[in-house]
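Residue numbers (this note's numbering), protein chains in the order written: chain A, 1 to 221; chain B, 1 to 221; chain C, 1 to 221; chain D, 1 to 221; chain E, 1 to 221; chain F, 1 to 221; chain G, 1 to 221; chain H, 1 to 221.
Partner residues are not named here, just some residues of chain C that face chain D (Cβ under 8 Å, in silico):
1) Gly123
2) Gly126
3) Ala152
4) Gly158
5) Gly159
6) Leu160
7) His185
8) Ser190
Derived from the structure by calculation, the hints contain no laboratory data. Note that the Cβ used here is the ideal one computed from N, Cα and C, for glycine as well.
8 protein chains.
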Amino acid sequence: MGEIRLDFERTERVGFDEAILCAGKSDTQLRTIVDLVLERDERCLLTRLDEAAYENLPPQQRSLLDYDPVSRTAYLNWTPPAERVSADVAVVSAGSSDMPAAAEALRTLAYLGVGARQFIDVGVAGLWRLLEHVETLRSFPVIIAVAGMDGALPSVLGGLVPGVLICLPTSTGYGASRGGETALHAALASCAPGLTVVNIDNGYGAACAAFRTLRAIGRGR
Amino acid sequence: MGEIRLDFERTERVGFDEAILCAGKSDTQLRTIVDLVLERDERCLLTRLDEAAYENLPPQQRSLLDYDPVSRTAYLNWTPPAERVSADVAVVSAGSSDMPAAAEALRTLAYLGVGARQFIDVGVAGLWRLLEHVETLRSFPVIIAVAGMDGALPSVLGGLVPGVLICLPTSTGYGASRGGETALHAALASCAPGLTVVNIDNGYGAACAAFRTLRAIGRGR
Amino acid sequence: MGEIRLDFERTERVGFDEAILCAGKSDTQLRTIVDLVLERDERCLLTRLDEAAYENLPPQQRSLLDYDPVSRTAYLNWTPPAERVSADVAVVSAGSSDMPAAAEALRTLAYLGVGARQFIDVGVAGLWRLLEHVETLRSFPVIIAVAGMDGALPSVLGGLVPGVLICLPTSTGYGASRGGETALHAALASCAPGLTVVNIDNGYGAACAAFRTLRAIGRGR
Amino acid sequence: MGEIRLDFERTERVGFDEAILCAGKSDTQLRTIVDLVLERDERCLLTRLDEAAYENLPPQQRSLLDYDPVSRTAYLNWTPPAERVSADVAVVSAGSSDMPAAAEALRTLAYLGVGARQFIDVGVAGLWRLLEHVETLRSFPVIIAVAGMDGALPSVLGGLVPGVLICLPTSTGYGASRGGETALHAALASCAPGLTVVNIDNGYGAACAAFRTLRAIGRGR
Amino acid sequence: MGEIRLDFERTERVGFDEAILCAGKSDTQLRTIVDLVLERDERCLLTRLDEAAYENLPPQQRSLLDYDPVSRTAYLNWTPPAERVSADVAVVSAGSSDMPAAAEALRTLAYLGVGARQFIDVGVAGLWRLLEHVETLRSFPVIIAVAGMDGALPSVLGGLVPGVLICLPTSTGYGASRGGETALHAALASCAPGLTVVNIDNGYGAACAAFRTLRAIGRGR
Amino acid sequence: MGEIRLDFERTERVGFDEAILCAGKSDTQLRTIVDLVLERDERCLLTRLDEAAYENLPPQQRSLLDYDPVSRTAYLNWTPPAERVSADVAVVSAGSSDMPAAAEALRTLAYLGVGARQFIDVGVAGLWRLLEHVETLRSFPVIIAVAGMDGALPSVLGGLVPGVLICLPTSTGYGASRGGETALHAALASCAPGLTVVNIDNGYGAACAAFRTLRAIGRGR
Amino acid sequence: MGEIRLDFERTERVGFDEAILCAGKSDTQLRTIVDLVLERDERCLLTRLDEAAYENLPPQQRSLLDYDPVSRTAYLNWTPPAERVSADVAVVSAGSSDMPAAAEALRTLAYLGVGARQFIDVGVAGLWRLLEHVETLRSFPVIIAVAGMDGALPSVLGGLVPGVLICLPTSTGYGASRGGETALHAALASCAPGLTVVNIDNGYGAACAAFRTLRAIGRGR
Amino acid sequence: MGEIRLDFERTERVGFDEAILCAGKSDTQLRTIVDLVLERDERCLLTRLDEAAYENLPPQQRSLLDYDPVSRTAYLNWTPPAERVSADVAVVSAGSSDMPAAAEALRTLAYLGVGARQFIDVGVAGLWRLLEHVETLRSFPVIIAVAGMDGALPSVLGGLVPGVLICLPTSTGYGASRGGETALHAALASCAPGLTVVNIDNGYGAACAAFRTLRAIGRGR
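I would like the entire structure built from these sequences, with the hints used as guidance.
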């Protein structure tokens, strides 16, 4: 009962390999998964790996992981290339509480070989900080807009930039923020046309969506 | 069973008289209420009086009502003064579908003797239309921000103007707009500090809140 | 009270002009908007224009509209070009009840000059109808997946195709379908990576998102 | 205050004995229940017995329990028969995070004397892993489909297999997964006909429903 | 745009043919579907065909339909066999407001060739009416329990009968009934073990689930 | 399919006869029910009988009904006694929009032979109108507090009166009133101790609860 | 900031003194409240006092409290009378997980001087355990029905007993139990007439409602 | 990844400086923010700084903070002026569990230089405690009404006082209190006109709204 089968053929089908969502998996399951990947000499991205779960992995497994506690991601059997790729994706976040989701997106983009540039603390309550960057942002083919609470950032951006705009709502806030639902629904109901949305706190998914777009342009791996 | 008692003493207590919320009242109840007001020679504001209900009132009652179908309001025994009062309240709305709620606020303000100026179609998806007016809006002591769908307008305004900012969410939109709940929750969860919020589509309440503020300043009736 | 201001400058900013969401607008407002567009000799797309509202427009306005009752869209001052553009977008729908949303997407794509091909009745309950088309679908840079009820189609597609996948949940179904919320949440929670989602029944938004992507690739107008 | 009465007559009425749902019961209550069962020399299945509660039982009680931490179940006074029964139920799960619910179903089936075979990691995002097994699955009279997040697995299976299909939604996932509600609603709203559904994470209930079916067929105890 | 493809191969795969959910389909779509079925000389079940939609079909199509307004179902190209089959399914309903859902289940069972017996007005508020039938009900291999409002019927039945118990919640009631959600959730949360549940008002789905069970027993077609 | 069984024995069990909830029943069902009652020469209370359904009954049935359109109730085979009973129940309502629910309670009380007195328009926004009546209200053994919107009336009353206090929330209001849910939840969450609550708009249930109380006291029939 | 004022006059107004809801209060606030009560030589009931908070009170305060950990209640300055009062209230609970709420009701009744008898483990899934007690239960003027999960117990009781029936839903269960909401809504939507309902897990409120009823009968203090 | 940008220009735009919402920020982020403020020799208000996070700051930073554990606020580089300002704001709270939100409002008002007076334990269940203060409360230009559970306080106050009334719902309570949503919705749905509402537990926002009002009157800084 409980052995694991990984989908190593995914890369062929959709062009990028499976990530391991660690939340909800037991320590034993995580250990088995890491072993399976190492046995086949594959590389792998682990997401939602919180520090306690990371610490519970055996030391020899930990030594092979490039772990980042803010984004709760780890690279297995993989190192980002030394040369800097050109930045095709802008990751724009409204507040510093949105950092974990933004960081998950950035770490995933790096893993997928996509160059990205981060713009922080440009929420709409301090509109001028955002407007300063509008011209720069208009030049990016893909923007990931990270915002919790009222989720107003994507709507404002959507009326200002012509590129692909992927909204990443976060669970920042309390009360009427409803664990990210208000930001999610605000992005979906936006009056700015052509925005798309991913799940709350799903930085990994936003990065994959950006990767799908860039590959269609011919800029992906 | 079913006679009516009106609260004619409210003006003394809170400084403005009771409005009649017509939605949910039968034709018979509405007719009785109008008669009661006329008998005592009082004036009265009727809200949420849709056209069918208005048409079902007896002609002699209709002839005494100043009815506006957009805002679904009627004045009974009352005419706005001829001289124009200075505009203390700005009513800013995001889209033309927000007009009924904005109009209810404007008609209520007029009834309460408060001067107001309307700014329309200044939603955040067309940010420059809003920014054109920022300097003007900064001079108003009270702003009512009317917005449905994603409800991003109040958050943007809240970071730009120093005055009292009352958010009036509307039921505009579909799907993730959830009948105005998304705009309501976005206004409540706004990262711009010091906004306050009234019920969905409650233009009457927003106007009363503005009136309470202005009277505290000494500009009310 | 109630004049209209349109955002004719949007095309310059985000590369496509404003559509008019007719739901929630009064007959008078719609008439004024059409007049404003004609006065400036602009073109325009009207969405959510149901048949009753269309019939209430004056005959000379109706004669200038190319109206489609299934998608509830109308073109004003615009005719699709005679030559056929190559199909860059696949619009895949699960059932015939999803037709109105799919048709809104297709009509918007045509308006934006984007070629599209429709795949119908390929829901996952009849999986082989979908699998027949997988190889063809893999060649499209952008796919719009239209699905209501359980919304399983996007998840299945997401594991099969490498391109950009925009999920368009619909309000098809009853009970646990919750007016489209189940399909919406299923698409957001999909375990297939890199899907993005638009609002329930928002065919217009899905088409605009496809347009943003294609322009980034250099295939848009 | 607080003594316990067990329903030892249930077996006669519905053909299988009462299980003890341990969640929400105090350590004292659990101890009393185990004693009551032992006194009457009955057997018993305990569910939702987490490790902390198990550890708080007195050692002599623990020594009589066959406890499994993944499924959080324990057998009291009972050992599975040595000979292997033929597998009448297929337990198909989408991801390794669904293991606890799947394991609760499997342990309950074993307790009820029903043979089962497990199929793991066959979620629809890797459709071919599922399709490999379709012919095998078509031969099972009863299938339990375990899936969280988007819950697309039951809909796909429902169109492929003719047998009884019991959907077991799980609380796997985050954000729009809504603690299992999305998988639950997706299974209920499925366009594949004739699926039935049990409560979120209710592996015990799914197994009992399978048992009721098999007994009707004449394959149960 | 908008042609229709039916899934005539479903019978081979899952053993019964596709029903047409008429709700949400336009008059034109319904007419086309009926024509497609007739062209191929297939038979077909139509569900959720309300009287207005039925009346809008062309007379020659109506003449070929066996329509029942209570269940809103129609048989196309099909007549129930003259000989009475033995009743394998009990359809038990709590109140007369649950009749449309119960009738949809009964008409679907008849279409699928399954014999059924109806027990009406046996809600738990009049417990003795239910208890009178317990012995009879215990002899049925499959019971469909139809209940709205508080949905207590399935829980009571679940503790009394050993057979397969399929709960069919209905949208009967108001306020806290929440359009059937309370009955749905009560059935899912039932403390009686081994119940399964279908979507609110989904009489068709309950009948299909019964059919899957009976075929596994070898009593189906 | 579709005959009706009424629970004529209920009076013996719980002391009052079954009422017929007409909402959700077809015209044919209503006609049959009235006939069944008349055949057995019983009396009966019909609730939620809207005017259209009443008008669709055959004239000879209508002539036997004492119908009240405000409460949407009808007495069949029953006339209130001529002599006035002492008033044991106070029905206190906050606004005139709450009249239908209050009237359903009053008509049911009359049917059950219970004397009642109505207090209207005593919502908390005009607190003095309520306080005027406090001494009188304190003398009633049972009070039914009818309130929609914010549902503040029961909390205020609960701290002022010692008697049994049954809260009857109504669906009055819009937006954040959520169809009566806010009033319902406010009554349940009240900080005034010992209130009990019935379903939204359930005037019939509130009256039955009052009747149960009075009979326990020895003042009922 | 933060001193406390207690409502010692409540007894005069509504006939019983204020209880202290300890949840949400800081250790400092609890200590102050106990001191205030002792200073005035009053008695007091504390509810929702979990063991950690109880342990954090100073020893000399603890020595004056009669604390019960199951119900999380404490009596301050009060001892139940030695002589046994006749039992006027039946507290009927469905499962042993419902014990904390049932115990809170029983402890509150004792504090209020009301005699009560407890009936446990009589959920509807084992209907005969309930039916055994029906005749006894019919003799109680007031019944408190405690039930979580599907909340079917009150509906069944409501059709069997003539007395006052107060439903106390509990947060027992998981998934579709929704923290007690399903049991709450099921009780409110019950088809058994004249039930009333209190907040989820509000044993204190149910006891106070019973007390109000008994005092109206003349059996209270 | 993860540097911080603060909005030091906000004071110029909206007249008061940015507060730091500490919830959701990591220890590292908080430390960096405090350093940034100190480097620029600015002052700052920190909110939602719970005791654990406060203790994790370095000692030299803690020594510069004026921290209050009840309100979870800290002043950085700032001391309230010695002279007492006149009290322009009344902070009225219903129960002692509402203290944290009330205290956050009071501490923010003090930081903004606004005088305030607190009225405690004046919930509507003990109405006379509130009525005692009505005359005093009528003299305040701004009242903040703090209430959880049923949230009835604002409605009662709204009908009694003429000033600006800002409702601050709190997450006090359980079950039907729904974490503050019931108090929030009750305030929004209030039948007392002209109330405005802020987010659940948002004492900071209520104080900022009061500040905006007082500055409009000319009494602010």
